[in-house]
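A.B. asks: Chain B: place on chain A using the hints.
Line by line, the protein sequences give chains A and B.
The first sequence runs 0 to 264 under numbering that gives the first Met the number 0.
The second sequence runs 0 to 262 under numbering that gives the first Met the number 0.
Some clues are possibly wrong.
Quick look at which bits of chain A chain B covers, simulated, 3 or more residues with Cβ under 8 Å [what the hints assert, rightly or not]: (1) 20-33; (2) 76-82; (3) 95-107.
Quick list of in silico lysine to aspartate or glutamate cross-link-like pairs, DMTMM-like style, CA-CA up to 20 Å [unchecked claim]: (4) B:117 / B:144; (5) B:74 / A:113; (6) B:199 / B:189; (7) B:85 / A:100; (8) B:74 / A:45; (9) B:78 / A:100; (10) A:58 / B:98; (11) B:74 / A:100; (12) B:61 / A:100; (13) A:11 / B:172; (14) B:117 / B:219; (15) B:41 / B:64; (16) A:14 / B:88; (17) A:27 / A:45; (18) A:185 / A:213; (19) B:202 / B:172; (20) A:17 / B:25; (21) A:196 / A:169; (22) B:192 / B:162.
Across the chosen pairs, the derived CB separations fall in these ranges [to be verified]: (23) A:132 / B:48: 39 to 45 Å; (24) B:218 / A:253: 42 to 48 Å; (25) A:129 / B:244: 34 to 40 Å; (26) B:250 / A:70: 36 to 42 Å; (27) A:55 / B:209: 34 to 40 Å; (28) A:178 / B:94: 17 to 23 Å; (29) B:58 / A:210: 38 to 44 Å; (30) A:169 / B:65: 51 to 57 Å; (31) B:229 / A:59: 24 to 30 Å; (32) A:253 / B:48: 42 to 48 Å; (33) A:39 / B:155: 47 to 53 Å; (34) B:48 / A:70: 52 to 58 Å; (35) A:172 / B:242: 34 to 40 Å.
Since the hints were made in silico from the structure, they are not lab data.
Glycine is no exception: its CB is placed at the ideal position from the N, C-alpha and C atoms.
Residue-level listing of the chains:
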Amino acid sequence: MTNIQTKRELNKEFKDVKYILTSSMRAKLLLALYEIPKNLDELRHELKKPSATILHGLKELETINLVRRAHKYYELTSNGYLLTTNMIKLIENWYSLSKSETFWDNHDLSDIPEDIIKNIYLLKDAEYVSSTTSDLSIAFNKYIQLISEASKLQIILPIYSENHFKHLIDLLNSNKLQKLELIMNKEIYESIHKNRKFQKELLKHENVKTTVIDKDLKIFLTYGEEFMALTLFFKDGHYDDSQILIGHDQNSLNWAYELIKYSRR
Amino acid sequence: MNVHNEINDDIKFLAKSEIRLKILSELNERPNDIRGLVKKTKITYSSVSSNVNKLAENNYIKKVEKKYYLNPIAKIYFKTLMDFKKSIEIIQVYNSFWDKHNITQLSINSIKNITDLKNAQLIETTPLDIYKTHNTTKDQLIKAENVKAIFPYLHPEYPELIEEILINGGNVELIVPKDIFKAIISPIDESLKNRAVKQKRLKVFTVTNSLNLYLTICDEKMSLGLFKNDGSFDQNRILISNDLKAYEWADELFKHVKHMVRQ
Numbered sequence: 000m001t002n003i004q005t006k007r008e009l010n011k012e013f014k015d016v017k018y019i020l021t022s023s024m025r026a027k028l029l030l031a032l033y034e035i036p037k038n039l040d041e042l043r044h045e046l047k048k049p050s051a052t053i054l055h056g057l058k059e060l061e062t063i064n065l066v067r068r069a070h071k072y073y074e075l076t077s078n079g080y081l082l083t084t085n086m087i088k089l090i091e092n093w094y095s096l097s098k099s100e101t102f103w104d105n106h107d108l109s110d111i112p113e114d115i116i117k118n119i120y121l122l123k124d125a126e127y128v129s130s131t132t133s134d135l136s137i138a139f140n141k142y143i144q145l146i147s148e149a150s151k152l153q154i155i156l157p158i159y160s161e162n163h164f165k166h167l168i169d170l171l172n173s174n175k176l177q178k179l180e181l182i183m184n185k186e187i188y189e190s191i192h193k194n195r196k197f198q199k200e201l202l203k204h205e206n207v208k209t210t211v212i213d214k215d216l217k218i219f220l221t222y223g224e225e226f227m228a229l230t231l232f233f234k235d236g237h238y239d240d241s242q243i244l245i246g247h248d249q250n251s252l253n254w255a256y257e258l259i260k261y262s263r264r
Numbered sequence: 000m001n002v003h004n005e006i007n008d009d010i011k012f013l014a015k016s017e018i019r020l021k022i023l024s025e026l027n028e029r030p031n032d033i034r035g036l037v038k039k040t041k042i043t044y045s046s047v048s049s050n051v052n053k054l055a056e057n058n059y060i061k062k063v064e065k066k067y068y069l070n071p072i073a074k075i076y077f078k079t080l081m082d083f084k085k086s087i088e089i090i091q092v093y094n095s096f097w098d099k100h101n102i103t104q105l106s107i108n109s110i111k112n113i114t115d116l117k118n119a120q121l122i123e124t125t126p127l128d129i130y131k132t133h134n135t136t137k138d139q140l141i142k143a144e145n146v147k148a149i150f151p152y153l154h155p156e157y158p159e160l161i162e163e164i165l166i167n168g169g170n171v172e173l174i175v176p177k178d179i180f181k182a183i184i185s186p187i188d189e190s191l192k193n194r195a196v197k198q199k200r201l202k203v204f205t206v207t208n209s210l211n212l213y214l215t216i217c218d219e220k221m222s223l224g225l226f227k228n229d230g231s232f233d234q235n236r237i238l239i240s241n242d243l244k245a246y247e248w249a250d251e252l253f254k255h256v257k258h259m260v261r262q
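Same shape as in the complex, but just chain A (with noise of 0.2 Å):
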């Protein structure tokens, strides 16, 4: 037996987090009194469950003063609401992963920071395109696709691919794009600068601003004002450019400019 000191030690230390989210109907009363109050005959009927239960669970929240009662009404006091936003934060933080797991499983993350890490659940809406073994160029036509329409880019460079150069110059001769940042390291700009046509049509260009930071990051990070599109590399630090994750919404936005903001910091 593990000695009571420790027990305790160790019941203090996740008392709370345990007392949450280890009982569903705890979780589930403070979930849905989040939006508005509501009676017994509301909560019963969104719960399906018998009244005794549900009472007996907010006078649980009750006594840890998370929810309160005005009436024939429930809602939730102030710390109730800071808790269950956190609440929510981490079920769509681990909904966010779980939903893309192959693709953040698959990459090295080291790169991006604890903060931005912990937000993830900005990324809910996000999809992820993934290249297939008879089209091996799905991710990365996508992502030509994408930035075809825009009229302003930030990307993260952490490659050389003249590939990817090509394009750029182009949308940017079409006068399609008209405000192109590049963020990238000393060697990524070196390299650039040694191919006349890139240092000339890309990194000269007119509409073209480029940012070198001493950071070395292995995130190739996208930002338009429409999209934001991310791929990384494989722990063994090669580049994917098999699978791509975009993102349309504004939080998806609010997530990779955080990142860009991170990147120039």
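C.D. replies: Same frame as chain A, but now just chain B:
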């Protein structure tokens, strides 16, 4: 309710056992073998060993040459769970600050990032120092070069404090209720005020409906005050911080309120 709007079994599997959480938190620090885990956690060998097996079966950890490692994706799952734990701690540590207070003007994102306030300090008045909260924010305002503030009420010292910042060449951005706009702005020297507005060093946004948040960002120091549920401002408590995370948190909140005001 959304399909994913409930606690899934994976979360429960981890949250159910303090021992598993403890083992993960140790392995998150550094990989270890069972013997090492027993030594670090003081949990019995048999408990550690059976839970390590369960964690491995469920793909949270992997054994590589005698030592157990957290799988990279498990590391992230675990971190988000610990982030939730930290948010509960922040709610509890500052319980008297949140409890029975109006938090409706905090943005959802600021609540989701509440752990950014982990190094904040709760300042409360005492019978021997009943102006402690006011003096704390005043002190921040006096020393500040640049200020962003949401003032839901007027304190007679504010106009002078703002004037002083403008004289010293600083920037001031305010969000105030419409009915105190005049009272806060008119005492400030006319030509100084006009010059500052022209140079975009003074910006004031007014709100017609009620403001129930007090926020100052003085250079990189922030302080936050709330209204009680009965509608009165709680003069006896503020949350202050001078670390970067809290500053960014406050800045986002300021932007959010400004955005709401302008709509």
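A.B. asks: If I claimed the Cβ atoms of residue 178 of chain A and residue 94 of chain B lie 17 to 23 Å apart, would that claim hold in this structure?
C.D. replies: At 48 Å between Cβs, range violated.
A.B. asks: With the threshold set at 20 Å, check whether the alpha-carbon distance from residue 117 of chain B to residue 219 of chain B stays at or below it.
C.D. replies: holds (16 Å)
A.B. asks: Compare the distance between the alpha carbons of residue 202 of chain B and residue 172 of chain B with 20 Å, and conclude whether the hinted pair is satisfied.
C.D. replies: Since the Cα atoms of residue 202 of chain B and residue 172 of chain B sit roughly 5 Å apart, the hinted pair holds (cutoff 20 Å).
A.B. asks: Compare the distance between the alpha carbons of residue 11 of chain A and residue 172 of chain B with 20 Å, and conclude whether the hinted pair is satisfied.
C.D. replies: violated (44 Å)
A.B. asks: Holds or violated: residue 74 of chain B and residue 45 of chain A, Cα atoms, limit 20 Å.
C.D. replies: Violated, at about 35 Å.
A.B. asks: Assess, step by step, whether the Cα of residue 199 of chain B is no farther than 20 Å from the Cα of residue 189 of chain B, and give holds or violated.
C.D. replies: holds (15 Å)
A.B. asks: Holds or violated: the 42 to 48 Å window for the beta-carbon distance between residue 253 of chain A and residue 48 of chain B?
C.D. replies: holds (44 Å)
A.B. asks: Can the restraint linking residue 17 of chain A and residue 25 of chain B be considered satisfied, given a maximum Cα separation of 20 Å?
C.D. replies: Measuring from Cα to Cα gives roughly 18 Å; hence the hint holds.
A.B. asks: Does residue 41 of chain B pair with residue 64 of chain B here, judged by a C-alpha cut-off of 20 Å?
C.D. replies: Between residue 41 of chain B and residue 64 of chain B the Cα gap is close to 23 Å, so the pair fails against 20 Å, i.e. violated.
A.B. asks: Do the alpha carbons of residue 58 of chain A and residue 98 of chain B lie within 20 Å of each other, as the hint requires?
C.D. replies: holds (18 Å)
A.B. asks: Between the beta carbons of residue 132 of chain A and residue 48 of chain B, is the distance compatible with 39 to 45 Å?
C.D. replies: About 41 Å separates the Cβ atoms of residue 132 of chain A and residue 48 of chain B, which means 39 to 45 Å holds.
A.B. asks: Compare the distance between the alpha carbons of residue 74 of chain B and residue 100 of chain A with 20 Å, and conclude whether the hinted pair is satisfied.
C.D. replies: holds (13 Å)
Checked against the numbered hints above, the structure violates hints 4, 7, 8, 13, 15, 24, 28 and 35; every other hint is satisfied.
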